[in-house]
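*Asks:* Let chain A serve as the given structure and place chain B on it in line with the hints.
The chain contents come next:
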Amino acid sequence: MNISCYLLIGFVLSAILAWRRSPITSVLLYTYWAILLLWSIKVIAPFTTVPIMWVPSLDIQFSYHLDGLSKLFTALISGIGIIVFLFTKIYSQADPAKYKRLAALLQLFAVSMLGLVLADNLIALFVFWELTSISSYLLIQFNTASHASNQAAFNSLFISVLGSLVMLVGFIELHSLFATWEISQIMSHSMTIGQQQNLHLCLWLILAGVITKSAQFPFYFWLTGAMQAPAPVSAYLHSATMVNAGIYLLARFHPLFHSLELWYCALTAIGTITMVLASLASLFQDDLKAVLAYSTVFALGAMVYLLGGSNAVTIEAFSIFLVFHAIYKAGAFMLAGVLEKRYHTRELQQLAGIGRRNWLFALIAIVTFGAMAGLPPFFGFTVKEMIFKAKLSTDTVSYVLMTVSILSSMLIAAASFRCLFYFFKRPAAEIKSPSKLSLGLVSPLILATLIIIITLISQDMGIIISPTVKAILPTSTASYLDPNSSASYLLSLMTVFGGIVCLLLYILLRKFSKVKFGHIPLDKYFEASLTLVLQLGRQLTRLTQGQTITNHLRIIVSSIAVLLLATIISGHLIQVHAVANHQATSNLLICSLLIMCSLSLLLSCRFLYNLISLSLLGLGLSLFFVTKGAVDVAIAQLLVEVLSVIILLLVLRRVDLKAVKTNKSNRIINGVIALLFGMVVTELMLATRSINVDAKLQNYYIDNSLLLAHGRNIVNVILVDFRSLDTFAEAIVIVATAIGVSLLLKQVLTTRGQSHVDNT
Amino acid sequence: MNFVIPDVVPAIPEIFMLAMTCIVLLSGLFLQRRYPSLPYMLSLLALVGAVVLTVALYKHTTEITFHNSYIIDHIGSILKVTILGTCFFVFLYCRRYVADRNILNTEFYVLCLFSVLGMMVLVSAYSFISLYLGLEIFSLPLYALIALQRDAARSAEAAMKYFIMGAVASGMLLYGLSMIYGATKSVDIAVVSQVLTSVPASQNLILVFGLVFVVVGVAFKLGGAPFHMWVPDVYEGAPSAVTLFIATAPKIAAFAMAVRLLVDMMPLYQVEWQHMLIVVALVSMAIGNFVAIVQTNLKRMLAYSSIAHMGYMSLGLLSGNAQGYSAASFYIIVYTIMSLGAFGMVTILSGKGFEMETINDYKGLNSRNPWLAFIMLLLMFSMAGVPPIAGFFAKLGVIESLVEAHLVWLAVLALVFAIIGAYYYLRVVKVMYFDAPEHQSRIDTTSMDTRIAISANGLFILVLGIFPGIIFNLCKAAF
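Protein chains in written order, with this note's numbering: chain A, 1 to 760; chain B, 1001 to 1479.
Note that these hints are calculated values from the structure, not bench results.
Simulated restraints on C-beta separations:
hint, chain 1, residue 1, chain 2, residue 2, range
1, B, Tyr-1181, A, Tyr-525, 52 to 60 Å
2, B, Asp-1435, A, Leu-744, 45 to 53 Å
3, B, Tyr-1035, A, Leu-744, 22 to 30 Å
4, A, Val-681, B, Ile-1015, 35 to 43 Å
5, B, Lys-1185, A, Leu-565, 21 to 29 Å
6, A, Val-672, B, Ile-1015, 48 to 56 Å
7, B, Glu-1157, A, Val-720, 39 to 47 Å
8, B, Ser-1037, A, Tyr-609, 54 to 62 Å
If you want a taste of the chain B side facing chain A, the calculated C-beta under 10 Å gives, among others:
hint, residue
9, Met-1160
10, Asn-1204
11, Val-1212
12, Val-1216
13, Pro-1232
14, His-1275
15, Met-1276
16, Phe-1392
17, Lys-1395
18, Val-1403
19, Val-1412
20, Ala-1422
21, Ile-1466
22, Gly-1469
In this text, a Cβ means the ideal position worked out from N, Cα and C, and glycines have one as well.
Okay, chain B solo, but in the shape it has when bound:
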């Protein structure tokens, strides 16, 4: 048996990430006493370095390595940079929150970095093995992260729920993958998609069954209904800093998984997964929007809104054309940036000893801190899809692809749900601008760097609305 050393160049960002994560872990263990902020700085450095390496490796060709189990391509690079950038902002927002609450400092960063590493592997995975590996590397640290605030019963419950649900999801996905493996006798996504063209009709059923489980697993990880139950509990139960992380980067990783497994692997079964995704999208939009209306906790409301947004994103996927895929990736990127801002706001406004969690806490934010209120207004408008902010173009893209796929009824329904969605986003705006504040004090819990970060985040949404071409073209080139 001869062993060929695979080309490791495409995986250099991941290798760098792994090395840096270990360094952060060690620095936290031995040097934190003397340099308290060293792990934080090193984590940021790791992310920046990984971004630089990913961008440097960005080519216009697709490259496959590690015995056909690892791919580096357009969409992968875009999503990786988004994941890394998101995590960078998460750390900026979280620093003070984590320090204030005696959450294990280094562990927080290390677990996040490991999770990011898993996401990067998942994004680049091109066989079932590497895909599952990535999925587990990214999921396991999340369970620990949620339970990081060990004395909070709410967090422990959320972690337990997430763990069980996550385990079920992984199981479903594995079950589905093994069925597909059974029918095609290969674990390589490229090979599977090749074999599928000549699969005998008698195995159709098992493939479709496998597909059902794959779709269920993907929907789980995305947090789409009816596999969404963990989302609100986890978002509300976890410390805001962790919620901020869970609500952003993993969505992109799950999206990448959906693209690899559905778009890359099973384009021939597009009709089948289209139907399943229609169900997921409709139920997600309905439950997400209707239930969000009555929420009083902002984190929980945003959780339901994320369910609804995942519904909208799947609309792009299910339309089954290149336009739809690029619209979906644009949607997921824009959603991640919006959700980063919204949860970031919750995190940075929460000061020592109090949380800004309920919607009532935001009463009169405009008079307490006009600039942050304005950023929040931008974010809420964008989530509601008000033109000309980025969220509008995200919705426009998926709706256009739906119409292209002759699913006009779905497009109309989606927009009717969007109206209901607009209701609760506007309620937040109304509370911020028209209600009298409960506390008169100005909000000054934020430090300079977080203020700059959140402003950049909110204004980026606006800029992206005025020039959506910046990212849209990248997404378009990827499919």
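Chain A with its partners taken away, still in its complex shape:
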């Protein structure tokens, strides 16, 4: 079966789940994911990967990249997915309608995530990426009634879409560099120096997508907000999916970018900051889910940090941590969900002592939180050890970075110990006794068992992760390394004890103050900046909307002037032509008259004065024409002036002139705009002088008007003789219009007369 079809079946299945719930759909669902799980661990091989064309003209197709990396992610998505679906079913047995929606959305999300990790075409990957954003939005705001979950869902959508769109530009830039959308082809491409430089840009843009999706500093607040979601959603989103999408992309592009200096610097910096802040914040939370959310952020920071490195040990540590984190975090979130369901609280203080009441709780709590802290008997300890080893193995061991990361590991250990401490503390008051053993514990129990199994077979983990390492680092030859370096062993032990010390310090600190460290209200900043955008929108609206036409014209004229000015400045130097200067004195007189008129027009606020200045201006212009010998133009100008003044005065009879006043500041703005526009137009006029007018037609008329048409007035001859047909047609148009208008007027007048008669 083609894998595209299989994905399609997944989407259809989601629709079916939304439609009805029956044992058959459940069986279908589990079979669907079980097949994928078996396929990803190479038990069966039912899929073909022939690409399916989507948009041939853009080279967009559904093609798949199946290597160790995507198989590992598929295994996580399907494996954890099955357990989460199991958990969902038990979790919301009470409300079948809700279950239907939750299961359908989870399925939609899981299939999108699957498409994301399998796709080879960047655009297909992007589409799946956006689908995960949208479906996770729907999942997080599952409790539509709650304002907090609406806000958190909106934040998560906004942040991840913002990042993804920037990332899209990065993808397009990659496409323009390598002329292909296929990741596999991009990877196998040999690069020129120029491409190398452009890669930096791509990296920046893609990083934007990664750090938003994978909840790195400063965007991790969406993840901690997302704990508003129901427990199965948190368990899935925080462990194996969603947040891992960014990590997946980093790992996917590791071969392309890892040689860049920027790659190492950026990932190390982002990872470290995230780790430190998240681990600090995690210790100071009182909400169990918040502790877990911050510890997820910490883990993601650690993964980003590890991916910054490029030797086999680091990548190996990354892969193991990825798998292990997914398992224990899903378990821990499910545990939190069961507790919340039973005791209706997530506050650690109120959950005190639950570990004493129920041995199953106790077991799962010890295993999952122990794994999170890296307690020695569990595999978590080994993972920590490997991480430290990886950090030690880089060529340039920075001791500052080393110290910082150990410190943050201690803090996370302290946070887990704190949870455990509360679970086994003697309760202050008797809590209501849980009636019966919850079925919801089955899923976390499976995960806890899985942790124990992994711990037992830890020596064989290499087989599972070696294809992944091979996919990220094709040149690596090192096999799974036995983490028996004494330095890293010591450091891991140190972490455990450091964790206990930190916890004691914390308790001591809490005695004296209530200060919460490490909690930066990033969500508040984000919301504030959103409000700022809204404010900006309001201001812009006030500036541009609902204005008079005068204002519109003002904006238009000034923008045209600015555009013209910009073209003059950018390259087209001002061409100054010497203006012929024959009648200097008369020109000077007329010009000063014109300038005075314009000034008074500008400065006077009285409408009548303005009118007088305007007509004086027209007079001056016609004088100007007279001095140039164009008497007919001057007469025409004069007539127009007189006519317009008369019409204006007729109109003004009905207007209260005192009301027509404009304020000073508007006048100044108008003056500036007019000056600007005038300057530009002057320049334009000067430029037109450079055009050589073709005198052929002109000379033809001058030579022939007397000869052929026997007329001395050339304008008349042109109108009635040379272009008589045009004139005739024009006359016809005017007559036709006049007839039409007169008919209309007649009708209007008669109807009005009738209504007048009716009224009287």
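*Replies:* Okay, now just chain B, sitting in the frame of chain A:
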């Protein structure tokens, strides 16, 4: 002087359109009493006939006639069919609205048809004269259309504003064209582009000045900032049916004008108009998106969104490569279909005596009419550019061409604005799906044919998202 009868075959769709429009006018005058829906039916027939003729004349070669002033080519045919199809849907959506509101029935259709005729002429214009002719034929009926609801003060104000702004725009365009004519001494677009290759440097300035005015005129007609002020006022002030028409087909005509004047005529001045269009695009995206956020009236919000969309479309034009031009034409076609659906929804939901204009009117639409809410959801998602709906590929195309033209900074900025845009589209979706309705009644103002039409419209957006190649290939072949 010998007069050669030009080849009229390329203009047969326009001639047919003109004849049919006159027939519709006459039928409205003499036969409407007896057959009330005759003008409507004849108008639809005119559009269908024109589409058939345009498609029949569609060739793979370019043909120029009427003394080099009329061109029939790939892109022209595509745009004409889109204009005609859009108008067909406009009529389907409007019928009931127009009948309910005592808007002069025949006049509405006739004015729209005349305007469409103007658009067709404009799309095919290949000289300044025919171009301006087309522009005026398409603009003048619009002024009358807006004022068709004569007793509404809002409409009258909108018409007045649009008329003044339109006149200014036409003036600017003429001014610019006359400057270019002065420098090149020709009105034929083909000749002008030839002459431009050998124009002396001293006339560079006047040409660039002419270009500025041409760009201003084009931006006016497209409704791009900072020449956009008429857009929100007109969209809000005009009756919804008229807004629906103004918001769709004229955009394509204006785009055709931009292609003829910038791409066909002045490819040599590409650097200059690229800079101007960058300004227009940036300001449009900024103003369109920021101001749309705070709008409470859906028509006004969509008006600002159209300004933003025109910004995105110009991104394709300004990238100055064939890929960009085809991306821009794909964008404008997709935008027209989306906007047709969105304004169509406003029109068909408005029943007798009430308008569905404010965003609050859409509260709980999902519970009142789930199917229409779903179509609206598709349209809003598409406008926001959510994959895999057509709007996404439209944006992808222009962004890709920008990157190709090494304008990555512009691409990133454009997408950041797109995020802000997504905010207000999603708000509509949120209102429809998550808010409680103010009226509990089911919406049944729509008739069967409009329901089918709006469904086809919305689903076409989805289909176009899944198979964008249908139109993308056509656009690609045109440049």
